[in-house]
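Spelled out from the first residue to the last, the chains are:
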Amino acid sequence: MLPLIFGVPIIQLVILVHAATLEMKSIDMYVVDNDLSTMSHKLLSKFEGSPFYNISGTSFSIDEANKAIEENKADFILNIPRGFERNLVSENECSVQLLIDGINGTTASLINAYSTSIIMDFNKNIIVDLTKMASIKNSSPINVETTFWYNPELNYKIYMLPGILVILVTIISMFLSAMNIVREKEIGTIEQLNVTPIRKYQFIIGKLVPFVIIALFELFFGLVIGKVFFNIPMVGSLPLLFAFTFVYLLVVLGIGLFISNISSTQQQVMFIAYFFMLVFILMSGIFTPTESMPMWAQRVNIINPFYYFMRVIRMILLKGSGFWDISKEFFSLLIYAAIMLSLSVWRYKKVE
Amino acid sequence: MQNITVEVNNLKKSYDKVEAVKGVSFSVSKGELFGLIGPDGAGKTSIFRILTTLMFPSEGSARLLGLDVVNDFKEIRNNIGYMPQRFSLYQDLSVEENLTFFATIFGTTIRENYNLIKDIYVQIEPFKNRLAGKLSGGMKQKLALSCALIHSPNILILDEPTTGVDAVSRKEFWEMLIRLKEKGITILVSTPYMDEANMCDRVALIQNGEIMSIDTPDKIIGNFGSKLWAVKSRNIYQLIKDLRSLDFIETVFPFGEYLHVTSKTGSIDIEKLQSILIEKNHTDIHIQEIRANIEDCFMALMK
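Protein chains in written order, with this note's numbering: chain A, 1 to 352; chain B, 353 to 655.
Keep in mind that a hint or two might mislead.
To be verified - The list that follows gives simulated cross-link-like pairs (lysine-lysine, DSS-like), each with its CA atoms no further than 25 Å apart: (1) A/K185 <-> B/K369; (2) B/K470 <-> B/K382; (3) A/K207 <-> B/K426; (4) A/K349 <-> A/K185; (5) B/K584 <-> B/K632; (6) A/K185 <-> B/K426; (7) B/K533 <-> A/K350; (8) A/K350 <-> B/K369; (9) B/K533 <-> B/K382; (10) A/K349 <-> B/K426; (11) B/K470 <-> B/K533.
Claimed, not checked - Chain B is faced by these chain A residues, among others (derived, beta-carbon under 10 Å): (12) E184; (13) I187; (14) I190; (15) E191; (16) Q192; (17) N194; (18) T196; (19) P197; (20) R199; (21) Q202; (22) K350; (23) V351.
What the hints assert, rightly or not - Every beta carbon over 12 Å from chain B, so not counted as near; a handful from chain A, in silico: (24) S50; (25) E64; (26) N66; (27) E93; (28) K157; (29) L208; (30) F221; (31) L238; (32) F242; (33) F276; (34) M283; (35) S292; (36) F323; (37) S332.
By construction, these hints were calculated from the structure, which means they are not laboratory data. Even for Gly, the Cβ is constructed at its ideal location relative to N, Cα and C.
Assemble the whole structure, with the sequences as input and the hints as a guide.
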């Protein structure tokens with residue numbers, strides 16, 4: 001069992017961090033160039049020069065292009081109309097069309113953003129080229145320079161790894177603890193324990209300690225892998241992270257033991273734990289910022305332990321937040337832990 | 353009776369609509385080996401679970417060592433050893449680890465009470481590093497008994513300890529119980545095996561949640577009202593049918609290779625019965641008067 005507890009999450013971590021990326025590495029574009037001019041070639045070469053794009057086909061017919069999207073051979077169409085160059089030179093104005101496959105909204109908006117920025121860039125240079133006037137170059141008074149703090153290259157792995165680590169640590173500790181008491185009920189050992197003078201809180205603490213240790217080791221291994229394989233930054237204090245994790249584990253294990261106490265078979269535990277786990281993970285903000293969720297969802301997140309840890313692990317590791325920055329989450333979880341553990345102690349019945 | 357250790361008064365227990373224990377009363381003296389004898393589903397386990405404070409009674413009361421099972425259950429737990437029907441030790445811990453674990457929970461050590469479990473533990477000590485789940489049935493029982501004794505309880509409650517255990521181990525187990533009794537431990541034991549009743553000081557015959565009779569095994573047998581005959585022939589099935597059709601025969605129950613038969617008149621003319629059976633084409637007929645055993649009494653009481 002022990003090799004499983006440690007081996008499986010580590011494999012998951014390495015695989016998932018690579019898989020759960022929202023970066024677009026190869027966008028299949030389909031080109032419909034009806035102009036075939038120097039300008040249109042220049043625009044195309046801008047796309048080709050980018051590492052993200054990959055021309056999957058060209059044609060003069062927009063219908064054929066649409067067919068390629070329908071057959072999933074292309075992610076979007078770049079449609080350059082006839083007279084592109086002429087209009088640009090004569091009227092200083094022209095248009096191109098982007099047709100994006102909107103099945104996956106996130107991908108679509110990313111393609112839109114990338115492609116628009118390429119066209120904007122092309123636009124800027126073309127004005128300079130066409131007018132050959134230095135004054136124009138200086139004519140834009142506001143120049144926006146974007147810098148991304150805490151993750152300057154917007155490296156998705158740095159963002160995802162802590163999030164996935166949260167999920168793995170939580171799943172391991174919640175399932176192990178939730179299965180534990182109910183297993184004792186199923187094989188009958190709880191009977192032998194219940195006739196002993198052992199106190200309820202002693203019993204719960206006895207159940208808690210091994211899982212806390214296992215989960216903290218799990219986090220430690222995950223961080224080592226993050227450092228060695230993905231070189232994730234660890235700006236903040238690691239002891240603070242572990243201290244926060246300890247409080248977090250009390251909550252998760254409290255929930256697990258509570259589920260175990262109210263169930264009488266391992267199957268019931270599976271269903272209950274799986275239900276909460278799925279809802280909590282998807283609402284935790286691993287992929288999407290919780291702030292953009294509807295108000296009711298944000299309220300539900302108050303009881304979502306993932307939500308707190310997901311924020312805090314990223315804050316500590318990537319941003320270097322100190323104790324006072326995370327104190328709200330810390331004390332919220334402390335209260336949560338007290339409630340859950342009291343509930344599990346209360347619900348553990350030694351007498352029927 | 354003096355030195356009453358366990359006192360049960362009109363105990364009742366219902367599960368939803370089923371009434372498992374229907375008003376049971378008995379008392380057990382100190383150092384007595386008390387047997388609860390009855391078939392599966394008679395309510396033995398329910399009574400024991402109430403006595404071990406695993407379950408509250410629906411009605412009635414029970415006191416162990418003067419302590420009430422509802423109000424003083426914490427105190428009771430320090431003073432009883434319980435061996436559930438199902439093997440309930442940690443199968444993934446070794447023999448020694450299990451024993452150490454339960455000793456620790458009771459705040460004691462193996463060494464402190466070693467003299468009490470010594471007789472039993474020496475038999476499993478050669479396997480002390482073996483996982484409990486890998487022991488044979490008899491060994492498991494010995495380990496479970498050791499664990500139940502490790503805190504030197506005043507009362508030992510054993511729920512069907514010999515069910516599913518081979519004949520030799522069963523005999524050994526009862527010998528161990530008798531030795532423990534001699535050390536002054538009060539023992540309550542339940543069993544579906546009628547032959548084990550003779551090992552007890554007193555037994556309660558229980559059926560459908562009610563006690564039919566409580567007495568020493570000898571007295572229960574002595575109270576068996578009528579005489580009893582054992583009858584046997586080649587074709588036992590036909591024999592049952594033929595005997596039941598005879599008007600002077602009261603009951604016919606199969607016991608092993610013999611049929612135990614009682615008569616309405618209280619006597620049977622062996623020669624007459626033999627000739628009747630020969631007429632009905634029975635061969636190898638064997639008839640003799642016998643002394644009743646506990647099972648006969650049980651059958652008679654069940655009517």
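Check: Does the structure break any of the earlier hints, and which numbers would those be?
Finding: Violated hint (a single one): 7; every other hint is consistent with the structure.
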